[in-house]
Structures are given as structure tokens and as C-alpha cells.
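Undergrad: Sequence:
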Amino acid sequence: MKTLGTIVLALTLALGGTAAADVTYYLDAVHGNDTLGNGSAGAPWQSRDRVLAVVTGGDTVVLASGNYGTFALTATAAGGWDLFDDWVTFIEAPGANARFELIRISYTGTPPPDPYQVGFFDAYLRFEGIHVLDGVECFGARHWALIDCLVERYGPWTGAFENTRKMAVYFRSGTDILIKGCEITRTGTAVEGRGHDIRVLNCHIHHGTHDGIRAKGWWHSLIEGNLIHSFDDGVTDEEADWSSHCDLIHLYIPLPGIEGMQNRDVIIRNNVLYDTENQIVVLMGCFESDLRNQDIVFENNILGPSRATLFNNLDPCDGLVIRNNTVVVFDQPRPFGRWELENYTLRINEDSTGVQIYNNILGTCMIKTGAELLVFDHNLIQVPPDDNPAGVDNTRTFARNTLVGVDPMFVDPGAFDGVLDPASPAINFGTRRLAPTPIWEEDIVGTPRDWRPDLGAWELPGQIPLRESPPPIHYDVKTTFVDDFADGHYRDVDPWLDGPRQQGMNWDRPDPVNSKFCVTPSDCFDGSNALVGPQGDNVSTRQAWLFSEQGANWADYDFTFDAVNNYITRGSGVMVLAQDRDNY
236 MKTLGTIVLA
246 LTLALGGTAA
256 ADVTYYLDAV
266 HGNDTLGNGS
276 AGAPWQSRDR
286 VLAVVTGGDT
296 VVLASGNYGT
306 FALTATAAGG
316 WDLFDDWVTF
326 IEAPGANARF
336 ELIRISYTGT
346 PPPDPYQVGF
356 FDAYLRFEGI
366 HVLDGVECFG
376 ARHWALIDCL
386 VERYGPWTGA
396 FENTRKMAVY
406 FRSGTDILIK
416 GCEITRTGTA
426 VEGRGHDIRV
436 LNCHIHHGTH
446 DGIRAKGWWH
456 SLIEGNLIHS
466 FDDGVTDEEA
476 DWSSHCDLIH
486 LYIPLPGIEG
496 MQNRDVIIRN
506 NVLYDTENQI
516 VVLMGCFESD
526 LRNQDIVFEN
536 NILGPSRATL
546 FNNLDPCDGL
556 VIRNNTVVVF
566 DQPRPFGRWE
576 LENYTLRINE
586 DSTGVQIYNN
596 ILGTCMIKTG
606 AELLVFDHNL
616 IQVPPDDNPA
626 GVDNTRTFAR
636 NTLVGVDPMF
646 VDPGAFDGVL
656 DPASPAINFG
666 TRRLAPTPIW
676 EEDIVGTPRD
686 WRPDLGAWEL
696 PGQIPLRESP
706 PPIHYDVKTT
716 FVDDFADGHY
726 RDVDPWLDGP
736 RQQGMNWDRP
746 DPVNSKFCVT
756 PSDCFDGSNA
766 LVGPQGDNVS
776 TRQAWLFSEQ
786 GANWADYDFT
796 FDAVNNYITR
806 GSGVMVLAQD
816 RDNY
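FYI, the numbering used here numbers position 426 of the sequence shown as 661, with every residue one higher than the one before it.
Please note that the accuracy of each hint is not assured.
As the list claims (entries may be wrong) - Beta-carbon label-pair distances, calculated as ranges: (1) Gly390 - Glu703: 32 to 40 Å; (2) Ala658 - Pro619: 20 to 28 Å; (3) Phe796 - Asp628: 16 to 24 Å; (4) Thr311 - Glu676: 43 to 51 Å; (5) Ile708 - Pro619: 44 to 52 Å; (6) Thr311 - Gly390: 51 to 59 Å; (7) Trp675 - Gln785: 18 to 26 Å; (8) Ala276 - Asp500: 52 to 60 Å; (9) Pro329 - Ala658: 46 to 54 Å; (10) Gln698 - Thr259: 30 to 38 Å; (11) Ala650 - Gly786: 29 to 37 Å; (12) Pro705 - Glu677: 31 to 39 Å; (13) Ala312 - Pro648: 25 to 33 Å.
Simulated from the structure, these hints should not be mistaken for laboratory data. For every residue, glycine included, the Cβ atom is placed at its ideal position computed from N, Cα and C.
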């Protein structure tokens, strides 16, 4: 491997010299001359250090074909920390093949406190069209961009722990970071870092041996329009101690897990994700801290199968929106290297709060009991789960507008474009009315969403469906109260059960009790939702209570229900019209 030495320039307040603003300079690593040239197109300089001696904010540097070695700038306290006060652009000349060995933006000395990892000096450096042979590293820098670059790392990428841990783009603290239109490949991890206002847009990220994007404390950030696939180290954990699980998007809270290190307000939109040795998406906390990820939106993405859990909300997250995503399910396991990929599971942690899951074409699901689901409806679930989700207190199970075990009718599943046959049951089956926040108004290719959005990432164009009808409202005295639990919950008043003199019931489970009711699909009622009480046995009796106060005095009302009792051999029953635990 040929590696040129690093040239580190310690910037001072004198940087910039007498060069005029908004000047374009030219470099030619092969034919340029630092002594005889003047930096013009006709007489280019040869080296980056020559142009760095004069370049100032607003300038552009055009690079002809050639290897320009390592680009390194170092901020110092003596230099006022900031590198530039306006954008300096290094751009490849048309048709050229300009290369840097490495790009490093760093600092020396003791930096000021930066508890929220926003960075502490302005770089204002933009690289366009450059081939970076051995990675990009930025430490504490604000305002930098990689646009239309090819970024790699020198191999090997397997065979040792340090090889799989190579990162093509790595940054530690910073604000306003743009990675757009880049190809990032031949690496361990493609993008890893922490900071604020990070945008990874329209990149092709592929063929790595660890993670695609590893977000370790991203705030107010966007991951959009990327194609991410083919991450594998080729071995199992048992075969090599350097083995690394390969996840395509990994949101992670690093040690020591203090405030500011969580991922917060991150949107993951319009990405195509497939072929990985482990998980497509995973949300993790910090094992030494109770800090939680917050306000994560996952929308308009297309996902293929994985080897481990497809979408794994492994640790609690507060505010998780999963909407208009498409999971492509194949008839047979999908071959990928030595593996067969057949996991389609959406897993939600039992302690997650503010979860919204709607307008999706899902594979299957594992909704852990205890998760707070604000919305869990208007989904197509292709593979019925082994265990139906149980709605307890703030949780929900399958609701009225859920399609389970239904074929979404992809035109070409292997294309990973999400395109549906016009006869698909997912067309015009989505909701706006139930959405707590406005949906994204375009599909993955930019087609506007109509009044009744389709399920999944793709929208059939040219449709003019009727607007979604709200449930009827009858302004009359309610004397009949019903609950079919079709909303997947027992704590709500189901608006669809409102009728003449009739209303859905709103139940409350008082504490303390020794067990819980849940709502879940029941074979006893042909798969419809049912309220399931606590189970006892031959020697113990379990009491559990549900109350409703909707009927005011509850005088002279009829109460009708269907009940099945098949778990206590000595008998049990249902009690109604109790005033409290002592009066019934």
C-alpha cells in the first residue's frame, strides 16, 4: 500500500494572506508547478499546501487528475479555532480523476467544553467529486460537506477486529454536516459519528464488513434517499473472535451515556435497505445508562429480509413513528453470500413510549407487551405473527383496519421498488385521520400522496379516491354501551361504535391489582379481538377489575356480552354492574 505522509497545517489568524475573495484556483498534481505557476487554469500550482497558503472563505479550488496526498487542516486556539468564515470548495475538474489519500479536519490543544457535541470551530470546507482512498475524519468541526465523492478505506476489512472497525467517514462532534450523492464502499463501517444537523442524502453505501450508518448521538438529522446494501464479514461469532454484526442503520448511545449522547429528532426516509448479515435497522441504548433515544421517524423506506431481526427496537425509545414503509417478503429465503435471509420481524421494545405504526406493508411483528402504541392500525401484515400482540393498558393489538396474512401484490419483489399491482389491497387503504402528525406528502419516488394514501413506500399515481370518512357522531342520550374491542384497546371510547343512543365503552383498570386484562385476537371468537382476563389455576383465584363510569347512575340498563371460560377447572365467571370492589 502506498501512503503519502500527512501534512498538518496549524492555522493562525494570518491565514488567508492578501488573496481576494471568491477566487478560483487550479491545481494539477502532475503538470502543475508551485514556483512557476500562479494558480490559474493556464499555470496551475501543484500542491494543496501551496493553495492553502492563500485560499480564503468563498474561494474554489479546481483539481486536475492526480493524487494530492493527505488533506489535513488543524484548528488551534492561537488561531481563533475557526478555519474559514465562508465556504471553501475543493472540486474535481470535469472528466478528471482527483484523489486524496485521506481527509482529516481536526484540532490541537485543549478544546472548549462541548457537552452536546455540536462542535466548537467552523471549518466551512466542501469537497466535490473527489476520490478519497483511505477515509474522512473530522473532530469538532462545524460546516463541512462531501458531495458526489467516492470514499473508501484501504483493506483488509476482515481477519482482525481493527479491520472490521475501519470507518470510511468518521466524525466526532459537529454541526451542519452534509454527505450527499456519495458512493461509500470497501470499508468496515461506511458512516459513523455524532453531532447535530447531519444529512446523509442520496448516497450509495455498499459492501462493508460492519455497519452502513452508525449514528451515535445524532440530533435534528436526516437520512434520506440512500441505497444501502451488502454488509457482511463472512463469518459467525463462533468462527472468529473479530466477527462483527452487520447492521445497515444502527442508532446507538455510546458510553458514558450522558445527556446529549442520545439520538434525538432523526428522520430516516426514502431509503432502500437490503442484504445484510444481521439487522436492517436497530435502535440501541447504553448498557450503563438509562438514557433513551427520542423522536425517531422511519418513513417511506423499502426493506428486504435480514438474517437477524429486520427492524429491532431493542432498547426503549420515546417517540417512534413507523409509517408508509414497505417490507418485501419473498416466497423462499433470499440468498446472500453464505447466508439465507428470511427474517421479516418488526420488534418493539416493551418500554418504548409514544409509538405510532400505521400505513405500512409489514412482514411480521413482535410487539412486546407494555409498549405504548398511540396508533397501531392501517397496516398490512404479510406473515401472521407467532404470538399475537396483547394490548394492555396503553398498548394495542391489531385494530379494525389491519390486514393480516394478506398478499400486497408486488409487481416485482426483487426490484425493491415497492411498486404494487393496481388491484393490491394496499391501494387507498392508508389513513390521514388517525395520523397524530401530518404524513410526508410524497412517496419514495416523489409521487404526491392522495387523500387516501396507499400502504407502503410507493403510491399508485393518478388516483382520486374519496376522502376518509370520519366516524358518525350522534348527539343524543346514550343508554347502550358496547365494546367489540375492534380498536385493539380497552381504554378508549371507540368512535366507530357511536350510534343512536349507543356509545363505545371506556374501561379503566384500577390499581393495585395482581394481574392485567389484555385485548388480543381470539380463536374463541373466530380471530376477532376479545378482552382476555387474568388466568388462574386449580389452587389460586385471581381477581381483576375493569370499571366504566360512562353510564352515570347505571340505572335500568341492559348489559350483554359473550364470554368464554376455559382456563379454571373449578369454574369462574364475569361480574357486571359493580359499584366498587365491596359493592356488587
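Undergrad: Taking the hints in turn, state whether each one holds.
TA: Against the structure, the hints:
{"no.": "1", "hint": "Gly390 - Glu703: 32 to 40 Å", "verdict": "54 Å, violated"}
{"no.": "2", "hint": "Ala658 - Pro619: 20 to 28 Å", "verdict": "22 Å, holds"}
{"no.": "3", "hint": "Phe796 - Asp628: 16 to 24 Å", "verdict": "21 Å, holds"}
{"no.": "4", "hint": "Thr311 - Glu676: 43 to 51 Å", "verdict": "47 Å, holds"}
{"no.": "5", "hint": "Ile708 - Pro619: 44 to 52 Å", "verdict": "34 Å, violated"}
{"no.": "6", "hint": "Thr311 - Gly390: 51 to 59 Å", "verdict": "34 Å, violated"}
{"no.": "7", "hint": "Trp675 - Gln785: 18 to 26 Å", "verdict": "37 Å, violated"}
{"no.": "8", "hint": "Ala276 - Asp500: 52 to 60 Å", "verdict": "44 Å, violated"}
{"no.": "9", "hint": "Pro329 - Ala658: 46 to 54 Å", "verdict": "48 Å, holds"}
{"no.": "10", "hint": "Gln698 - Thr259: 30 to 38 Å", "verdict": "49 Å, violated"}
{"no.": "11", "hint": "Ala650 - Gly786: 29 to 37 Å", "verdict": "56 Å, violated"}
{"no.": "12", "hint": "Pro705 - Glu677: 31 to 39 Å", "verdict": "25 Å, violated"}
{"no.": "13", "hint": "Ala312 - Pro648: 25 to 33 Å", "verdict": "57 Å, violated"}
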